[in-house]
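First to last, the sequence lines map onto chains A and B.
Going by my numbering, 61 is the number at position 61 of the first sequence; the sequence numbering is gapless.
Going by my numbering, 179 is the number at position 179 of the second sequence; the sequence numbering is gapless.
Mixed in with the good hints, there may be bad ones.
Unchecked claim - Here are the computed distance ranges between Cβ atoms for each label pair:
#1 B:L49 <-> A:M109: 15 to 23 Å
#2 A:R183 <-> B:Q22: 22 to 30 Å
#3 B:L62 <-> A:A182: 33 to 41 Å
#4 B:E39 <-> A:V190: 44 to 52 Å
#5 B:A135 <-> A:V190: 41 to 49 Å
#6 B:V134 <-> A:L194: 45 to 53 Å
#7 A:L194 <-> B:E39: 48 to 56 Å
#8 B:T154 <-> A:R143: 42 to 50 Å
Hints in this document: simulated from the structure, not taken from any laboratory.
All residues carry an ideal CB built from backbone N, CA and C; glycine is no exception.
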Amino acid sequence: MTTGEPDAVAGRPIKVTTDTLLAEASLESVSGELDATRAVTAIYTTHYRSLVRLAVLLVRDVATAEEVVQDSFITMHAAWRRLRDTEKALSYLRQSVVNRSRSVLRHRMVVDKNAPKPAPDMPSAEQGAISLLERSAVIAALRRLPPRQREALVLKYYADLSEAQIATAMGISRGAVKSHTARGVAALRVVLELET
Amino acid sequence: MTGQERDHGEVLSRVLHSTTDQVEPVGDGLAKIQARLAEPWLKRQWWLLRREFMVLGWVFALRCQSWFSTVRSRLAAGADADDAAAGAGGRLRSLPVLGSIVAWASAKWPRKAGAPRRGSIGPAMAWFRPALAVAGAVVLVVTGVFALGQIRATFATVQGDHPPGTSTSGQTGGAGSPNGSGGRAPSPGPSATQGNATSGRHSSSPSSKAFTSPQGSASPSPSPASQNPSPSASPSTTPSPSPSPTASPSPSPTASPTTQAPMVAGSPTPSGP
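Isolated chain B (complex conformation):
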């Protein structure tokens, strides 16, 4: 950076600070934030997205202005029944089946001469269908994203209850105590119980296996697996491709991962000192 650039930077910094020093926030922003945080989730999300919706509304209103004027002018001008039938078929040209049905119906039951006629919108509406589709897609995506976020947050909260070994990410289990029990009681009994509950509820996570493995290594023999073959230990509940080496020290091929979770769960051996 040259000296001149530094001077310019200093001047700019001084001007920006001196100008914005006069700006003071109006009102109690914290009270407003807290009031909005107390609102229901959906209302909060709507409030956050209002600006995007306002832009959409603006575009829609502006586009509709020309459409309304077209409709008004066409209604005022009027047209005969043949035009109406052709217009109905032409409008739905992009939907071939529906368009042909409408055209056929118009030919079969022609409009009476004195009957009021619907305005043919024609090319003025050409933009409407894609715009509506895009708006619908945007709404769907936004709703999906927020719903997914909520579901993920709920899962994260439930999983944050588990010890760090069972947590799927460090952020939820990060607040664990130094002894690795995730803020729970240091007694081995409850932790074994949590591991059990975890394997029952979220056994699809490979990390739950990592949690149960120390206990599996503490139990000397895999024989309880054959004593307690729980029907709930289906392959779908433990999708881990390879059995944990610490969980099954025995080389027996019968100690499959499907039976490890119930084996550990039902193991009467205390894993702690």
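Chain A on its own, in the form it takes in the complex:
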């Protein structure tokens, strides 16, 4: 398709073809891609470690936590065209980490339910990975909490998020966040009083 239009300055017709438009579109796409890559690098530098630690508290395994966070960065890169803002991207990353951690736990539950039981004197791989975290009685008690309560507590007391941010990250209402947090703290009360 070719269209002739008068040039305001010279009065000459400018030929704009579909090829030109597509070339501009691909340029735009390339620049968007560059933006996304730059954003990934910037957010990685500042937040990767804290996100991994957050994921570790949820999935209790460093390697899996890293995988979860890396997957989240990949999806954030794909969604950058929608986000275009570091704050939004960080919120998206947190939500993605929480969702993927849930997915990991679901998978682990299926595997644990159906896998053959190991010999009694042999610790499982997961136990070996989390032994570092299990040294604390509080962490051990946290591990025994229901997943939603654990997520709420970790997001509140580790990530220092507000109730609204926790609600966004967990995909629940603020009231539910309050309820999960209160129940979680109540369940940990005995252990926490020992720690004080």
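With the hints as your guide, set chain B onto chain A.
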């Protein structure tokens, strides 16, 4: 929040921070992320969905274990040809037509006595068909969603090329320059050309009309519409229910929206100063 709750919160926060401070990411995560971003789209998506597929695989393998053991035991036990015919008809009971055909074929051509017999799976397979259907549906939905996402992304990229007036959403046209030209040259000529190209390519969007309307208002008369009645200006290309009031200042009912796009496109009047 009571004082005791605050204390508990502080303790919890301190314990969580002190525990996770010992956790350090292993290896270069950024290099891994960049390597995966360089991979083809399909591989990336597969990688992201692998965990769900792994769960499905686990369930499938576990279910198949009982099925395999049933098949093995039945094969070992053996059965006569009548059982096989009845089994074939019974297995396909949920598909009445196919089941009756199989039963009829089994009755018409009975198996020879010495012929090897296929194992009758029976109720052990009852779960298999719905599980397969669900798995197929999941795969179809996931593929559709990702394909749709790709198509939408492509459209968003192409539309992001247009000025904000033509963009269907603020996110693609949001990076426009303050003069509203969407990062293009401020000259009115090219912008008119883009509007023209837009109306030709994406004329179904009502926002493209919003973009062309200022130019329509700049042209004093709708008479070029009658001079240049392009056959491509069909009603299907401009589904907007009402004509833009700024595009056609004349009260003449002949200035229908179907002719506005070509009118603006072919208008020789420069819209800018």
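Here is what the structure says about each hint:
1. B:L49 <-> A:M109: 15 to 23 Å: holds, 18 Å
2. A:R183 <-> B:Q22: 22 to 30 Å: Given about 28 Å between the Cβ atoms, the range holds.
3. B:L62 <-> A:A182: 33 to 41 Å: holds, 38 Å
4. B:E39 <-> A:V190: 44 to 52 Å: holds, 49 Å
5. B:A135 <-> A:V190: 41 to 49 Å: Holds - the Cβ-Cβ distance for A135 (chain B) and V190 (chain A), about 45 Å, lies within 41 to 49 Å.
6. B:V134 <-> A:L194: 45 to 53 Å: Given range 45 to 53 Å: holds, Cβ gap about 48 Å.
7. A:L194 <-> B:E39: 48 to 56 Å: Once the Cβ atoms are compared, 49 Å apart, the range 48 to 56 Å for E39 (chain B) and L194 (chain A) holds.
8. B:T154 <-> A:R143: 42 to 50 Å: Taking Cβ atoms as reference, T154 (chain B) and R143 (chain A) lie about 45 Å apart, which means the hint holds.
Of the numbered hints listed earlier, not one is contradicted by the structure.
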